[in-house]
Each structure stands twice: as structure tokens, then as C-alpha cells.
Amino acid sequence: MVKGRIIGGEFGNILVRQKSDAELELGELLVASTPQSKILMQVIDLVYGSQISQQNLELISGMKLEEDADLELMDENLRNYNLAALKNLITIKGDSARLSKSLPSFFSEVKQVEKEDIKFLTKPKNPLYLGKLRSGSKTLDVDIFLNGEDVFSHHILIPATTGKGKSNLTSCVLWNSTGNDYCGNLVLDPHDEYYGRNNLGLKDHPNKDRVSYYTPKNPPQGAKTLRINIKSLKPPHFNGVAAFSDAQRQAISAYYRAFKENWIEAVLLEKPLKVKFHEDTLAVVARRLISLLDIEVDEENLVCNDIFVDNGAETTTNDICDELENSKTVIIDTSNFSGAVEILVGSLVSTEIFRRYRNYKMKGQLKDKPVISIIIEEAPRVLGKEVLEQGPNVFASIAREGRKFRIGLTAITQLPSLIPREILANMNTKIILGIEMAPERQSIIESAAQDLSSDNRTIASLDVGEAIISSNFAKFAIPVKIPLFEELVKQNQKKEDVQINFSGVKVV
Amino acid sequence: MKFAHLADCHIGAWRDPRLRQLNIKAFERAADICIDKKVDFVLISGDLFNTSLPAIDGLKAAVKTLKQLKQKGIRIYIIAGSHDFSPSGKTMLDVLEEAELVVNVVKGNVEDEKLKLRFTVDEKTGAKITGMLGKRAMLEKTYYERLDLELLEKEEGFKIFMFHTALTELKPKSLEKMDSSPVSMLPKGFDYYAGGHVHIVKETSLEGYKNIVYPGPLFPTSFSELEELGRGTFYIYDDGKIECMPVQVINILSLRIDCNHKTPDQIEQELKREIQNKEFINTIITIRLKGTLKSGKISDIPLKEIFDELYEKSAFFVMKNTSGLLTKDFEEIKISQHSVEEIEDNLIQEHIAQSKLDIDKAEQLELVKNLLKTLNAEKQEGERNIDFESRLKQEAIDTIKLDKEFN
Chain A
52 MVKGRIIGGE FGNILVRQKS DAELELGELL VASTPQSKIL MQVIDLVYGS QISQQNLELI
112 SGMKLEEDAD LELMDENLRN YNLAALKNLI TIKGDSARLS KSLPSFFSEV KQVEKEDIKF
172 LTKPKNPLYL GKLRSGSKTL DVDIFLNGED VFSHHILIPA TTGKGKSNLT SCVLWNSTGN
232 DYCGNLVLDP HDEYYGRNNL GLKDHPNKDR VSYYTPKNPP QGAKTLRINI KSLKPPHFNG
292 VAAFSDAQRQ AISAYYRAFK ENWIEAVLLE KPLKVKFHED TLAVVARRLI SLLDIEVDEE
352 NLVCNDIFVD NGAETTTNDI CDELENSKTV IIDTSNFSGA VEILVGSLVS TEIFRRYRNY
412 KMKGQLKDKP VISIIIEEAP RVLGKEVLEQ GPNVFASIAR EGRKFRIGLT AITQLPSLIP
472 REILANMNTK IILGIEMAPE RQSIIESAAQ DLSSDNRTIA SLDVGEAIIS SNFAKFAIPV
532 KIPLFEELVK QNQKKEDVQI NFSGVKVV
Chain B
2 MKFAHLADCH IGAWRDPRLR QLNIKAFERA ADICIDKKVD FVLISGDLFN TSLPAIDGLK
62 AAVKTLKQLK QKGIRIYIIA GSHDFSPSGK TMLDVLEEAE LVVNVVKGNV EDEKLKLRFT
122 VDEKTGAKIT GMLGKRAMLE KTYYERLDLE LLEKEEGFKI FMFHTALTEL KPKSLEKMDS
182 SPVSMLPKGF DYYAGGHVHI VKETSLEGYK NIVYPGPLFP TSFSELEELG RGTFYIYDDG
242 KIECMPVQVI NILSLRIDCN HKTPDQIEQE LKREIQNKEF INTIITIRLK GTLKSGKISD
302 IPLKEIFDEL YEKSAFFVMK NTSGLLTKDF EEIKISQHSV EEIEDNLIQE HIAQSKLDID
362 KAEQLELVKN LLKTLNAEKQ EGERNIDFES RLKQEAIDTI KLDKEFN
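Read top to bottom, the protein sequences are chains A and B. Residue numbering for the first sequence follows our numbering, starting at 52 and increasing by one per position. Residue numbering for the second sequence follows our numbering, starting at 2 and increasing by one per position.
Isolated chain A (complex conformation) (with noise of 0.2 Å):
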């Protein structure tokens, strides 16, 4: 369908006149020939145009205004039409696409792009679906994927103003990623709302098995009980988590040598060290240990009343990481900690994952190992410039160098702008949804893996669901339309069928 003509402009900035019966919209995808290819391009402007100039139409409007005179213009579709500037996003040759780097026909038809224009966005190995390509806000009936394997390892950051669909777009991801064998989720849930404890969710998954939920309370039936044995906790894991001071971090370290996975116990019990500390620094070690992990100590025993325990729990995190490394989605629930305490979690899991892989890349493992997707809810928790600049943490590490080790962090965020350039470089595919606010906006652009510097109007003027997937493994930034996860899991929901045996229970 045609839908105008090139009338116009200049490379990444065309004008095309929009035919009467047509209606364009800001995000629309269009088509236009060269001799050898087509050539795709995308709205990413729409102003008025007349052949009246603009005092007769003042004159013209003032006298239906004013005199409500019947008057009627001659040929009014002639006359006033809409002018729409396009980018270009792509050259098509046959199967094959590749930058654009001419201009299509001067005077050229533009047509609204069809399933045939699109056939070099093919399905590629493990596949990670994302939704409908998007023209405007008409949806097409062509599945959007890319690589998981690569985008997990290379980070996705989805920015996004609350109620834009955040959420609804991790818990698709994470529904399409569960079951292949290509990638593990470590899901820290600060909304417990993965899971779908009381609504649709993960649990629902066909799957479902490849699905596990660790949570502190309640777990329903086949979650686990969310427990952390102190002995597992480690000073790097505390990094990015509380702010020590050098001694006492000094302290920490001095006690982690003496007394080993019993150190925790040791600071909170007093026990003496060889090397001395200023009595004041231990204090608010240890005062600091005890607020966080929520331990009291009475006398010579230490009361756990929270996930820290000094007895059982002794291999969640090696179960965590089993699970991860078994292709699995991990939830944790953390939705009754306070901030530190659930990236003290996070921090706990992660480092050990890390370490894991660096062990099996030394070791000439890794290829064989599933690559592992860490989801973070309010990013700059742990990604801000503000907490980078109290020390390092092991996200900033797995930001910076994760994807060597085959681990990616999927950061989501209202505020994009509060995480550091060189770690939102580092993140080579982003989700891009709604966007109100322009700093934010701005921090996005300035750092896509396609050149989105005319894209800032069509990210603010994106509705809930509709999505620009900038991406390194994307050829250009596209536009979709996120399935509305409830959809997703009532199409995909599969009745069990499997009749099982139950021999050795007694019929009665």
C-alpha cells in the first residue's frame, strides 16, 4: 500500500509527502526502491504542509471561525496534506540487509512495509522471542528474536517510566528464556511478582521444572525456604552492600583469615584476634553484622531471626548455582528485605556464579557451560554512579568484563542516567520502552548500539507495551509490541497429560 512519496530532505532526514488516504505515524515503518534494493525507513517526524500560504489560511480560518462562512477549498486533498521525515534504517537486497548508506529514488513511492520486505529478519540459533514488529502502533505478524545466547552475555538494560510495562517485559523474557538449555536466570524479585505466587507467573510455565523459587515465607508447595547459612557469607560479599571503612574492612579481612566461615561468629562473639583493632572499629562491625543479618547474640550463642542462620542452609547457594548452571530460572523472593540485605543475597549468588566461571574458562569449561542472565530490579542500586564511587561491587565486575565469562546482567531501571556511561556502554542490548522524562531519555541515546539521536520524540511518545530493541546483535533498532505476558502463558500453557504410576502406594 502506498502511503507517499519522496519528495525531498537529505540522508537520515527524508521528506516524504503523505498520500491523502494514508495516515502515517511517528515509529511507522516504510519501504522505497532504489534500482537495486529497497530501501527501509522509518517516520521519525510528522509536520502539516499546504500549497496555501499561511496568511490565506489564517484569512480562510478566520472566516469559518468567525463568520462560520461555508466556504470549502478547492481539491483540500491537493492543497493540505501531512509531510513526514523519515531515517533510514536499512538497504534490502533479496535475504540480505545491510546499513544504509544511500538515499532510495528521489520521487519515489513509499509503501507501508510488508511481511515480504522483512525476510532477512530470520530466527536465529536460540532464539529469544520479544514480540511483534511494530510500525507505529500497528503490530505486524512477524516474531521479533535474537540471539539469547549473545544478548544475555552482552547485558540488557530495559529503562522504562513506571507503567510502561518493565515488568510485563521481564516476565516474557524470562518465560521465553526458561526451558533452554542456552541460559540460567538469577531473578532477584523485590516485587515477588515472577513467580505468580497468587496470579499467572513462572509457576505456570510448561517448564516448570527448569523453574525454581526460593522464598522466606510461606513457600508454596515445591518452593524452597529461602535460608543463608552464615558460614557462606564471605567479605567480598559485603562489597556494595554496606559501607566499611578501611580499618574495618581491615578488621573483617584480619577475622575472615583467623577464624575462616566461622568469622561472622567470631566478630559477633568478640573473639580475640592477634592482630589488634581499635575496640570502637569492632564495635561497629560487629553492631553493623548484627543489623544486617538480624542476629542477636545472647550470651555465647548467636539467635538468628531472619534468612541468616547458623544452623542448616548449608548449600543454598551451591543449590542456587546447580540450578543456574543446570539451565534453570532462579527466583529469590525479596520482597520482605530491606535494600542491602537483598543485594547482600544477590552479591552472595553472583560472586559465587562468577567465581565458578572463571574457574571453568581456566579450565577450557566454559563453552560448555549455559550462559547466566542476572535480572536486577532498580539497577542503579548497585549500578550507580554513587555507589561505585564508595568501591567496587561484583555487578559493576560482571557488567564490565561478565560477558568474557559468559554471565550478563539484565539491569532494569526508571533512571538510566544515575548508572556510569562506560557500564551503560557495556550493555549492548537495550529494551528501550516509554520514556517520559528527557535526561533519561537522553543517557539511553547517547549510549544505544544504533544511532537513535532523531529517536527522542518516538521514545517519549511510547505507549505501554511498545518497545525500540537497540541492540550489537540487532541490524537495526526495532520497533515491537511486547505480548501481554498473560496472553503469552494462556497460549502457551500446555494440559498435562502424563499419566503417572503411583506403584508402591497402597490403593485403598
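One or more hints might be untrue.
[Said to hold, decoys possible] Some chain A residues well away from chain B (every beta-carbon gap over 12 Å; in silico):
#, residue
1, L172
2, S186
3, P287
4, A298
5, E347
6, N369
7, R472
8, Q493
9, I496
10, E537
[Said to hold, decoys possible] No more than 27 Å apart at the CA atoms, straight line, and that leaves these computed lysine-lysine pairs for DSS-like:
#, chain 1, residue 1, chain 2, residue 2
11, B, K125, B, K73
12, A, K254, B, K142
13, A, K259, B, K117
14, A, K414, B, K329
15, A, K285, B, K174
16, B, K174, A, K311
17, A, K541, B, K362
18, B, K211, A, K282
19, A, K557, B, K117
20, B, K117, A, K268
Rather than coming from a laboratory, the hints here were simulated on the basis of the structure. These numbers were taken from a predicted model, which means no experiment stands behind them. Glycine included, every Cβ here is placed at the ideal spot set by N, Cα and C.
Mind docking chain B on chain A? Use the hints.
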């Protein structure tokens, strides 16, 4: 209400007849304690026997003890464990139940694809007992997934749940690789959770689950258990008070020698120092040698001589473990310290990955494990070769569900 909780008796576990006798002796001792303490009933949370069809000597002794308890009016409630469960349904536990020596509490029905367990009510005390059998490699997991928890939870009264499964939340680090299930698979609000399978002695409570008890084996079943546990144990519940009862049928002395940077001569001297001027009447001695020798070979350590000396000093049984002992020449060789079961599991998992069978991987695992278990059966005393062969064949056919094709 007073009851005893035993698990993992593993009668018939040891290959050596002297040690095998100790399993039986431990069971007899536990029964004596139960009679002395006047318990109302006894729970055995799986693995009474080490196989589903135990050898006659162990069976005879077990029957005698069970009969003795019955005569004292003490009922015995059991569940099958990973060792004495039979996928083909042929287990000696059924025979014992038919003989009214024990009551298997794993009973119920299936409605709407849900497993609805029923309670067995102890006539003397009114305690309501139910439970879930254990299978190898946690294959009972699917049973738990289909278990109707609500039905069990809403039942009023003093309730006991027997299980033969490792619980993830309570697994010790040493058993990290053991298959386990979260505690949330069990029904909440019972008064006592009688566990088995994991050979640890533990009594604890978790939110919604009070008195989760693992009594440990009645007698250690491996070298490392002899070292770590030193004896068997079971529990007695007496009106809310839970007490661990030791079952000491023999003394155990564990010698651990750090062999790092030592010569075989030095190790010999060290061992001799450890045993000099001592008698070892009624004692099992375990010797674990660990580390890398400074020089020489492992065979240069005169262990036979040490063994002879220990037997001269009246030792009941002497065992050695040198799996962690290396020589400098062979330092790079990795010694697998996995159990036979773990090695077996790893091999099956590897081969399943290559299998072209058109069935679910979990089902394949279950099938292979069940088949292995079936084929692992030993010829019974007095059983003719032809009968043994046809029994094995039939059980294998039952296990792989080919009865229609063959019968």
C-alpha cells in the same frame, strides 16, 4: 503418647558377614530399648532392609524382632525406602504386612490426577499416621508434586508424616550433591515429621513444620559413616519430648593419618604408636590414610602387618581407606571418591543425553534406575537357577512395562 522413630536399618547392607550381623544386632537392640521404654508404637521411615528381597538370615532375624515387638503390643508402621522399594512391586515389606507384622502407611487413591493419601490410625493412641515412600534418585518427586496437601493439612488430631527424602533446607554440606526436595512438598501442620534416607542425626523445626527428625542409620552403613557417626541412633517421642537414643552394638575406633610429606616408614611408625599398648576387644577399627607421600609407594606401607597386629589385639574388624592417598609420581591422577550410586547416576545421565528413546528424560532415568535395581537382585538361597532367571526376566519385563509384548 510415646513412640520410637527408626530409619535406615539397612539390614543386609554390609557384604562381610561379621558387619552384616551388626546391622541385625542394632535392630534387635533398638527393639529391646523400645520394649524397655514401653513405647506405644514404632515408626520405621524406610530402608528397613538394604534390598527389596533380602537374604534369608537378615530376614529371619528381622521377622523374629518384629514378632517380638508385636507380641508386646507394639505396632510397627513403615514406609518403603529407596533401597527396599521395588518398582515391580515385589518387596519383602509386602510379605511382612501380609503377615501382619508391620503396617505400610503409604496408602491412598488418585482422584483428578491428585494423590490423596489416607491416614492410618493407631488404635492405642489415636495418632494419625501417613507418609510417602522413597525411591532412588528422588524419583518420588513426581508423587509429591501430585500430592493433595490440603486434604492432609485439614485433618484434625495428632498427625505424623513419614518420609524417606532428603530435604533441601536441611541438607548438610557434605551431602550437597544429594538429590533433595524442598520442605514445602510436605503437608504443613503435622505434629511430627519422621524422616529417613539422609544418614544424619538431626531434629529441627521450620516455619509450619515442627519436629522434623532424621534419626540417622541404626548402624553405620559405610566406612565414612563408621568414622563420623560412630554408632547408630533412633529417636523416642514422649508427649512432646524428643530424645535421641544411641544404639551402641560395638566400639568404633577411627584412625586418621595425615600422610603429607611422610615416608611409608614414618606412617608405619605412626600407626604402630597409635595402637601400641591397647586392646581392641569388640572394636571396629577404621584407618584412613590421606595426603601425598614424601617418597615410596602406597604398597610400601605394611598395612597387612598392621591389620594382623590389630586382629591379634582382638579387633572385631579392621578396615582401611586410602582413596585420598597419593604418591608424588601419581599426584596428577584424580581419585574419584564418589559412591557407587553417584558413579552409576553420572553414567546414566551421560547416556540419557545420547538416547534416542522417544520418552521424557526423567522417565528414562526412572526406567534405567529401576531396571538396574531389578537386575541387581541376588539369587535367593535355595532358588534354582531357572527360577532365578525367570524371576529376573519377569521383573525386568514388569519394570520396562513390556508385559503385553512378552506375556
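* Compare the distance between the alpha carbons of K117 (chain B) and K268 (chain A) with 27 Å, and conclude whether the hinted pair is satisfied. => 26 Å, holds
* Asked: Is the hinted pair K125 (chain B) and K73 (chain B) satisfied, with a Cα-Cα distance of at most 27 Å?
  -> 13 Å, holds
* Least C-beta distance between S186 (chain A) and chain B, which was stated to exceed 12 Å -> 42 Å, holds
* Would you check whether the claim that E347 (chain A) is not at the interface survives, using Cβ distances to chain B and the 12 Å cut-off? => 18 Å, holds
* Could you check that no beta carbon of chain B comes within 12 Å of the beta carbon of E537 (chain A)? => With a cut-off of 12 Å, E537 (chain A) remains clear of chain B, as the shortest Cβ separation is near 24 Å.
* Asked: Holds or violated: are the alpha carbons of K414 (chain A) and K329 (chain B) at most 27 Å from each other?
  -> Holds: K414 (chain A) and K329 (chain B) sit about 23 Å apart, inside 27 Å.
* Asked: Is L172 (chain A) truly not at the interface, in the sense that its beta carbon sits beyond 12 Å from all beta carbons of chain B?
  -> 33 Å, holds
* Check on N369 (chain A) being off the interface with chain B, judged by Cβ distance over 12 Å -> 6 Å, violated
* Asked: When you look at the beta carbon of Q493 (chain A), is every beta carbon of chain B farther off than 12 Å?
  -> Since the minimum Cβ distance to chain B is about 46 Å, Q493 (chain A) lies beyond 12 Å and the statement holds.
* Hinted pair K557 (chain A) and K117 (chain B), Cα distance within 27 Å -> Measuring from Cα to Cα gives roughly 11 Å; hence the hint holds.
* Beyond 12 Å from each Cβ of chain B, as asserted for I496 (chain A) -> The claim stands: I496 (chain A) keeps its Cβ more than 12 Å from every Cβ of chain B (closest is about 45 Å).
* Take a quick look at whether K211 (chain B) and K282 (chain A) sit within 27 Å of each other, Cα to Cα. => Given pair K211 (chain B), K282 (chain A) holds - Cα atoms ~24 Å apart, limit 27 Å.
In terms of the numbered hints stated before, the structure departs from hint 6 and from no other.
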